[in-house]
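**Student:** Chain by chain, the residues run as shown.
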Amino acid sequence: MISEKDVKHVASLARIHLKDQEIGRLTKDLEKILDYIHKLNTLDVSGVQPTGHVLPLKNVYRKDAVRPSLAQQEVLKMSVEQQDGFFKVPKVIE
Amino acid sequence: MSQAPKQKYETVIGLEVHLQLDTATKIFCGCANKFGEAPNTLTCPVCLGLPGSLPVVNEKALEYAIKVGLALNCTINPFVKFDRKNYFYPDCPKAYQISQYDFPICRQGYLMIETAEGEPKKVRINRAHLEEDAGKLIHDDAHNCSLVDYNRTGTPLMEIVTEPDLRSADEAYRYLQDLKLTLSYLGVSDCDMEKGSLRCDANISIRPMGEQKLGTKTELKNMNSFKAVKAGLEHEIGRHFAMLESGQSIVQETRLWDEARGRTFTMRSKEEAHDYRYFPEPDLVPLMLDNITVEKVKASLPELPMQKRERLMQRYQLAAYDANILVQDPVLAALFEQCAARYADTKKICNWINGPLMKELNERKTPAATIGLTAENLADLIKRVDEGVLSNLAGKDVLTFMIDTGQSVDTIIKEKGLAQVSDDSALEKIVAEILQEHQDIADQIRAGKESAVGFLVGQAMRKTQGKANPKKIGEIIKKTLSQ
Ligand SMILES: [Zn+2]
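In order, the protein sequences belong to chains E and R.
The working numbering numbers the first residue of the first sequence as 22 and each following residue consecutively.
The working numbering numbers the first residue of the second sequence as 1307 and each following residue consecutively.
These are calculated hints, taken from the structure and not from any lab test.
The model shown is predicted, which means the values in this text are computed figures rather than measured ones.
You can trust all of the hints, since none of them are fake.
Lysine-lysine pairs mimicking DSBU-like chemistry, simulated, CA-CA at most 30 Å apart:
1) Lys-1614(R) <-> Lys-1533(R)
2) Lys-112(E) <-> Lys-1400(R)
3) Lys-84(E) <-> Lys-1400(R)
4) Lys-1602(R) <-> Lys-84(E)
5) Lys-1314(R) <-> Lys-1527(R)
6) Lys-1442(R) <-> Lys-84(E)
7) Lys-1689(R) <-> Lys-1671(R)
8) Lys-109(E) <-> Lys-1391(R)
9) Lys-1391(R) <-> Lys-26(E)
10) Lys-1442(R) <-> Lys-112(E)
11) Lys-1486(R) <-> Lys-1340(R)
12) Lys-1391(R) <-> Lys-49(E)
13) Lys-1391(R) <-> Lys-98(E)
14) Lys-98(E) <-> Lys-1442(R)
15) Lys-1614(R) <-> Lys-1671(R)
16) Lys-109(E) <-> Lys-1527(R)
17) Lys-112(E) <-> Lys-1501(R)
18) Lys-1722(R) <-> Lys-1769(R)
19) Lys-1391(R) <-> Lys-79(E)
20) Lys-1784(R) <-> Lys-1689(R)
21) Lys-1428(R) <-> Lys-1519(R)
22) Lys-1536(R) <-> Lys-1314(R)
Reference excerpt, derived from the structure (chain R facing chain E, CB under 7 Å, subset only):
23) Ala-1330
24) Thr-1331
25) Cys-1337
26) Ala-1344
27) Val-1362
28) Lys-1387
29) Val-1454
C-beta atoms are modelled at their ideal positions from N, C-alpha and C, and glycine is treated no differently.
Make the full structure from the sequences, and use the hints.
**Tutor:** Okay, here's the thing in structure tokens:
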């Protein structure tokens, strides 16, 4: 069973702001989705290898060779605010 | 009377070490992995987490991780995958860190350490995995803002997690020292705690002696040096004792060590901070590490500190204490072995390296690797002292000069006129002067106070700037005064 509290918790973890009526609707939707997923739990998968990735690929590496980075000003263009070459953000405390 | 708390409770510590790997590039992109560059000059769409970019594993980082795992006696997992650890913080531009959750590279290893009592102890490693480092935050209190530098984002990081096997702050300190030594032998990191290339967090709890269940733990962070780890742990353990003794209970939380104030305090954190919602990283395919890959890395492992210690003890008949000092610095250990190939008295060579040479290095605050002292020169110097050509004292001066100039011992003796004076008539003249200057002492010796001879020998050495043969001087003094 999924509660409205669960939905609010998940939303806050994902930084999604929900309106009250959305919480009610999403609670029902998520309940249905989880019900469907729970059906998978009834299958016997004891002999099945866990899927690491959906592509049939493995061991993709790159050589440890330096490639040019972006210029500082190019990067800082993406910031809301900047100062002395740094991204400037509202104060965060550890 | 109640028992002292330290006997009533048992301390339980587990350590989490983060090690920056010294690769040329970052773990998932080609940006240079360098410290100390101008902020935000070493980034690209991959390490900034821009939409559409794709990470690719640096093969060197993987090789280093396997190396670390093997050196720590771990099993290398044949199936390895990466996962996303989700959290929102400005040091993490993607809002998730690529890490490893259920299939880390290394599992179930151990590191042998020596306790304060000199007993060997096995500290089990639960796991060691690869992940990416976060950016660097500078908190600007004056302007009420934080500044972010993403150069460090994506630096290959290895997290090495022990089982809760450590029983005191001292044991944790010893583990950390031995871990650092082993890692530095591998050449995969500079292991510099002050620079942050080696970082250490601790889980601490205490429980009544004999109790099996673990007590409530606190996590301690922000210990930025080996000294800080010891002090921080000691303080936090003491806090646990005091809380339990006064009937309070420990709150499970993360605390920070405040070096300046010498105490720990609660880290202000948002609730839910530890709900990381790991899920498989869809942008990276799994790694299958077969035996051939692992064996290849194993073949590249250098001799590790413990092995080197054993070998030095067996091959050169060194005491455990001396061998231990030598293995702390592989450069000195190599210098020792090269000297031993030239001169048979290995105990003397060891004493010269662990004594006068170490003193020189400490005074110069320079690592052994940077001085141009050759084994040939050092071995010759030790020979000349043993032959009596140089006094011990003069030998030490020659060493100083040798390090400065790279000249051979014979050149230095000739240029500085340092050869030891063993010629009887010259020494007798010096003794006569000394006795003249210290008649009171001479009288004491005549009266039977043998121990005062040493003082006069010292005076003679001073007078001759260490050139007199002290053994002969002593004999002449005794002979003269007994006449
Ligand atoms: Zn990059």
